[in-house]
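Engineer: First to last, the sequence lines map onto chains A and H.
Residue 434, in my numbering, is where the first sequence stops; the numbers in between run on with no holes.
Residue 735, in my numbering, is where the second sequence stops; the numbers in between run on with no holes.
Derived from the structure by calculation, the hints contain no laboratory data.
Positions of the beta carbon are idealized from the N, C-alpha and C atoms, including for glycine.
Some hints here could point you the wrong way.
[To be verified] From the derived model, a few chain H residues whose C-beta atoms are all more than 10 Å from chain A: (1) 451; (2) 511; (3) 588; (4) 657.
[To be verified] With the Cβ distance kept under 8 Å, some of the chain A side facing chain H (calculated, not the full set): (5) 81; (6) 86; (7) 87; (8) 88; (9) 106; (10) 110; (11) 112; (12) 257; (13) 258; (14) 399; (15) 406; (16) 423.
[Claimed, not checked] No farther apart than 30 Å at their CA atoms in a straight line, the calculated lysine-lysine pairs in the DSSO-like style are these: (17) H:495 with A:230; (18) H:699 with A:115; (19) A:422 with H:495; (20) A:193 with H:569; (21) H:699 with A:53; (22) A:82 with H:726; (23) A:422 with H:504; (24) H:466 with A:82; (25) A:330 with A:82; (26) A:82 with H:569; (27) A:237 with H:495; (28) A:382 with A:349; (29) H:442 with A:227.
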Amino acid sequence: MKKKLLALFMATVLSVSVLAGCSKGNDSGVKEITFMVWDDLEASQDLITKGYKDSIDRFNKDYAGQYHCTPVTTNLEEYYNKLNTMVAGGETPDVFIVSPGANMNDYVIPGVAAKLDDYLNKDGWKQTFTSDAVFAGSTYGDEAKNGAGIYAIPLNIAAACVFYNTEMFADAGAEVPETFDDLLAACEKLQAKGYTPITISAGTAWCLSMVAGYLCDRNGLDLNDIKEHKTDWMDSKVINSGKQIQQLSQYFQPTAAGDDNDIATAAFYNGNAAILIQGSWAIGQINGSCEPGFEQKVGVFPFPAVSGSTADPNRVIAKSDSLCMSSTTKNPDAAIALMKYFVDDTAQKYTAEKGGKIPVTNVEYDTTVAPPELAYVMDVFKSANSTFGFYNESLYDTEAGSTFDNCFVEIYNGTDPAEALKPIQQYYEENVWE
Amino acid sequence: MDKLLRRKRYIILFLAPAFILFTAVLFIPICKAVYYSFCDYKTNYPIEFAGFKNYIKLFTKDETMRTAFKNSMFFMVFSCVTQLLFGLILAALLTNIKKGRNIFKNIYYLPCVLSSAALGLLWMFVFTPSLGINKMMESFGWIDDCMNGPQWLFNTEGTIILPIIVISFVALWQYVGQSMMLYMAQMSGISKDIYEAAAIDGCTPTQAFFHITLPLIRPMIATAMSLNAIGSLKFFDLVYNMIPEGFLGNRAHVLATHLYDQAFKFNKLGYGCAIGVVLLIMCLIVTFVINKFVKVDNYDM
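Build the full structure now, drawing on both the sequences and the hints.
Structural biologist: Right, dumping it as C-alpha cells:
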C-alpha cells in the first residue's frame, strides 16, 4: 500500500512539473505580448532590424513590470507561411510586420488585422506622421460603402531610384538622363567606354518587376483602370514597357540572369557597373560593404520619363514596412504602446541616420550623420507628386503579382511582349474581371 | 508465443501503436486533403465546398501544371532508367571486387545521407557560370569566356529545358547509391553454388549476370524502380534550391514545387491539396504498373 501511495505521489509530482512548462499564464501581473518579424533580431547585421530590436528593448525596459514583449522571428522566405500557420492555430502574434498592399489585405479581409483609426486619432498620434499619404498603402476598404480604414502603421519608407557612379558617368561623358531615350544614350556611352552600364538581378523576379512597374507607370498605365477593366494587359502602354525592357536589357551585365540581388548590388559598389536601379534600402548595404569613400561617388536620379507620354514623370515607387495589430489581441493597450516605440523620435532618427530609410514622422535628424545618398533620395522623394507601390504587391493578389513578374521575365528572355503578357491577361480574365 | 498470439487482446495491443500512428499521421491527413481538394480553402478564410472546381482548373486551365507534369514525368523516366542501369552496374562491380568494397560503397552512398538543400546550393555554385564548371572550361581553354559558356541553370530553350536535365543528373549522382545498396543486398543473397555450377557448365561472367543475377534480383528491381519513380514524382528539394526563383518563370516547375507555390506562396491550400491528390494517384498508378509489368518469380536462392 505504501509503495502504491509513493508511486501515485511521484507520478503526480512528475505530471505537475511537466505540465507546469505548458502554462502560459503570468502571475506577476505583467501583460505579455508577442511581436513577429521577418529577420533574426539577435543575429542580423541589417541596420533596420537592429533598430527594431532596440525599440523592443526600450519598450521592455520602460514598461518593466507592466508589459513585456517577446519577439517571434523567422527568415523572410518563411515569414508569411509561419504567420499563416500561427493565425490558423489561433496563436496570432499581437503585433506583426507586413508589406502593405496584397500581403496586408490577406490579413485585413478575413479580420485578422485590427482597424487602427481610433488609436491613431487618439492623443494626436496620427499628427506625428509626415502626412496622410504615408498610410496610403495600409488603408483598406471602400469609403463609399463600409468606410475605409487604416490597418497598419508604417515604420519607414524606401523609394526606388536609380543609383549611379558619378565618376564613370563623367569619364564616359554621360549625362544624368531625364528621359528613357537619354538613359539608353547614356548606357551606350558607358558601354563604349568599356563599362558595364547597368547591374541588375534578372534572377530575382521583383528586381526586374520594379523596372517594369516604373516603365508601365511612365508609359501612363493606371492600375485602377486595369482593376476596373477599363483597359487590359494588352494595352499598348504595357506592350511598350515590355519592348523598352528588351531595349534596356542589352545594357545589363552578362550574368544578370544568374546573379541574385546581393551579387548585382555588389557589382555596383565594387565599381563593376555604372547604374543600379534599386530601392533606397540598398543604401545600408552599399555603405556597409563598399570601399571607404565610395559613397561620395554615388549619385541618385529618379527613374526617367518616357518621351511622348503624358504620365507624371515624378511619381516614385515607395515601399514601407508596416505593423499590424491582431484583432484578437487580449492586450491592445500594450500592443499600441509597443507600436508607438517603432515610430517615436528615437526610432525614426535611427531609421534615417543609420538605416538610410526615409522616416515616416516629422522627426528632425542630423543630415550630416545620415548617409549622403539619403539626401539625394529625399530630394527625389520630396519632388514626387505621388507614390505608387511595387506592381507585384499592388495587383489583385500575390499570385497575380507573381504572374506579372513571370511575364516580364519571359519578355526579358526575348519573348514577344504581346505573347508573354497572355498569362497575366488570362489570370485577370479568370479571377478578377469574371 | 503461439499461446500468446492466440489471445486476441495481445494481438490488438501489438498492432495498436502502428495502427494509431498510421491513422493519425497518414490516413486522416490524406482523407482531409482529399476533402480540402474539393474546397476553396485559404488560410484565415472560411472553407467553402467548391465541387470539382479545383480539378477542372488543374486539368483544363493551368499551364504551369502541364509544364510541371511534363518535367516530373521526365524526372521519373530518367531516374528509373538511369538508376536501374548505373545502380546495377555499380552493384555488380562492387559485389565482385574483393579490395576496397566498403570504401567505394560508402563513397557512392554518401550523397544519399547528405542534406538535399545543402547539395542543391553546392551544385548551384558548381553550375553558376562565373564560379564552377564554366570557369574550369575557361581555364582549360575550351571556351573563351566563362560567361559565354553553357548556361546550365538559365537556358530556357527546348521542350525539356537544360536546368531540368542538369538537375536530373545531380539527382542521379545523389541517389544512385541507394539503388546500388538495394541491388547489392539482393545480389549478396544469391548462393555461390549457382555461379559455381554455371561456371562448370561453361558460363561466362557476363552470361552469369544476365541469366542468373538479373532474374534472381528481379523482385528488388521492382522495389527499387517503384521507390525511384515515387521519389522522382515527389522530387522537390534540388529543384527548389538549384533554380533561382523568378528567372525561369514557371518553366522549371515540377509537381511538388507547383504544389508548394500554390499552397504556401499563394495561400490556395484547396488547390494545393488537389495537386497533392493528383500526385498521390500518380504514385499509386506508377507503383501498380511497375509491379504488374516487372515480372517477379520467386526462386529459392
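Engineer: Which numbered hints turn out to be false for this structure?
Structural biologist: 3, 6, 22, 26 and 29
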